[in-house]
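Asks: Here is how the chains run, residue by residue.
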Amino acid sequence: MSDWFERRIARALHANVPLGGDARARRAVMERIRLAAAEGHPVRRRRADPWRRSRNSILGISLAAGVGGITTLSVVAPDARPAASALSSVVIGDTVVSTLRDTLRLVRLMFDAPDARRVAIAGDFNRWDANATPLTREEGSPRWSVTLALRDGEHRYAFVVDGTRWVPDRHAGRSAAGETGRIYSLLNVSRAAN
Amino acid sequence: MSDRVIIQRVLDGDAEAFSGLVDRHYARCARIAVRIVGNREDAEEAIQDAFLRAFKALGDYEDRERFSAWLTRILVNQCRTVLARTKRRDALFAELDPRRLEFSVAAVLDEGTWPELEDVLERLPADQREAIVLKYADDLTYEEMSRITGAGESALKMRIQRAFARLRAMLQEVPSV
Numbered sequence: 006m007s008d009w010f011e012r013r014i015a016r017a018l019h020a021n022v023p024l025g026g027d028a029r030a031r032r033a034v035m036e037r038i039r040l041a042a043a044e045g046h047p048v049r050r051r052r053a054d055p056w057r058r059s060r061n062s063i064l065g066i067s068l069a070a071g072v073g074g075i076t077t078l079s080v081v082a083p084d085a086r087p088a089a090s091a092l093s094s095v096v097i098g099d100t101v102v103s104t105l106r107d108t109l110r111l112v113r114l115m116f117d118a119p120d121a122r123r124v125a126i127a128g129d130f131n132r133w134d135a136n137a138t139p140l141t142r143e144e145g146s147p148r149w150s151v152t153l154a155l156r157d158g159e160h161r162y163a164f165v166v167d168g169t170r171w172v173p174d175r176h177a178g179r180s181a182a183g184e185t186g187r188i189y190s191l192l193n194v195s196r197a198a199n
Numbered sequence: 208m209s210d211r212v213i214i215q216r217v218l219d220g221d222a223e224a225f226s227g228l229v230d231r232h233y234a235r236c237a238r239i240a241v242r243i244v245g246n247r248e249d250a251e252e253a254i255q256d257a258f259l260r261a262f263k264a265l266g267d268y269e270d271r272e273r274f275s276a277w278l279t280r281i282l283v284n285q286c287r288t289v290l291a292r293t294k295r296r297d298a299l300f301a302e303l304d305p306r307r308l309e310f311s312v313a314a315v316l317d318e319g320t321w322p323e324l325e326d327v328l329e330r331l332p333a334d335q336r337e338a339i340v341l342k343y344a345d346d347l348t349y350e351e352m353s354r355i356t357g358a359g360e361s362a363l364k365m366r367i368q369r370a371f372a373r374l375r376a377m378l379q380e381v382p383s384v
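Protein chains in written order, with the working numbering: chain F, 6 to 199; chain X, 208 to 384.
Pulled out of the complex, with its shape left as it was, chain F reads as follows (with noise of 0.2 Å):
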């Protein structure tokens, strides 16, 4: 069965429609995604402590690089203590994720590394995957930064510079140590207080 009606049955079937092309529905897909990853999808092997495996000490890297500082663009508690120089809060999260489950925020964050090729973020959100969130570098400037959506409470994390070198976040609110006395920054996360 192939006659002239068939194939222009065919031909328009597969003609692509509207919304094939269409960026916006394609970075609705991704927003989603990433609200997927940030719950910890999709189920893989879980990877040994990087703390353990780094070999680098995080704190001499933080000395050595000197770089700037994290912004956090969104809900930050109020009784998170502001960083000295460059934190903010701006809410941006609430209606992209008000359709979902569970209450995730999005939160901005910001790091200023003039001379990597690439700069990841990892934390107890992403399973301390270095490899897992990277950070897009804005044009022209030295500033990298990325939208993490974050569940409520209380987050530990680090810059991963070039693959290798792990910064915590010297304008976090707060940082603490781990069990193998590396140090990671605190975040904490809750309703926008505007």
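Calculated from the structure, these hints are not laboratory results.
Mixed in with the good hints, there may be bad ones.
[To be verified] Derived EDC-like pairs: lysine to aspartate or glutamate, alpha-carbon spacing no greater than 20 Å straight-line: (1) X/K263 / X/D219; (2) X/K364 / X/E350; (3) X/K364 / X/D334; (4) X/K263 / X/D221; (5) X/K364 / F/E11; (6) X/K364 / F/D8; (7) X/K263 / F/E44; (8) X/K263 / X/E252; (9) X/K263 / F/E36; (10) X/K364 / X/E351; (11) X/K364 / X/D346; (12) X/K263 / F/D129; (13) X/K263 / X/E223; (14) X/K263 / X/D210; (15) X/K263 / X/D230.
Assemble chain X onto chain F, guided by the hints.
Replies: Showing chain X alone in chain F's frame:
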């Protein structure tokens, strides 16, 4: 970068790499979903849900099957869920305007588009619509269609045959040239 390489990167923790799969397969998914559920809004929802389910289940994906076919199976299930919820399969559609049909037949000869086909597709029974869309919008074999839909190959061929008979009647086929 192949689907397999991207999937491995995602499983290694690079969630952003999944955008490569979204970019590669979104238009194809849209071709399928829009035709099955009948409107853009529900199609977009079905596609989002399908990609999300695929992402979450990526650890279970086995590359014995093409990723595109695996994703299509998930998508078809999501489309069925949307259809069941909205009961669109039972919806009634307005009669076509014959003058518009005449125009569209002329247009298809020039551009390959056929707006009225999109309308009459919604008048097909859901199983026939699903079969014809998978075969012609996604170039699937009957074997792949069988795995996706759960129907036997002979049943699928029958659905296609019946779908064509209905479409010919509804579109008032012009004589072959």
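Asks: All hints, please: hold or fail.
Replies: Verification of the hints:
1. X/K263 / X/D219: Since the Cα atoms of X/K263 and X/D219 sit roughly 13 Å apart, the hinted pair holds (cutoff 20 Å).
2. X/K364 / X/E350: At roughly 11 Å apart (the allowed maximum being 20 Å), X/E350 and X/K364 satisfy the hint.
3. X/K364 / X/D334: holds, 11 Å
4. X/K263 / X/D221: Answer holds: X/K263 to X/D221 is near 13 Å, not above 20 Å.
5. X/K364 / F/E11: holds, 14 Å
6. X/K364 / F/D8: holds, 16 Å
7. X/K263 / F/E44: holds, 10 Å
8. X/K263 / X/E252: holds, 17 Å
9. X/K263 / F/E36: holds, 14 Å
10. X/K364 / X/E351: holds, 13 Å
11. X/K364 / X/D346: holds, 14 Å
12. X/K263 / F/D129: holds, 18 Å
13. X/K263 / X/E223: holds, 14 Å
14. X/K263 / X/D210: holds, 16 Å
15. X/K263 / X/D230: holds, 18 Å
In summary, the structure agrees with every hint in the numbered list given earlier.
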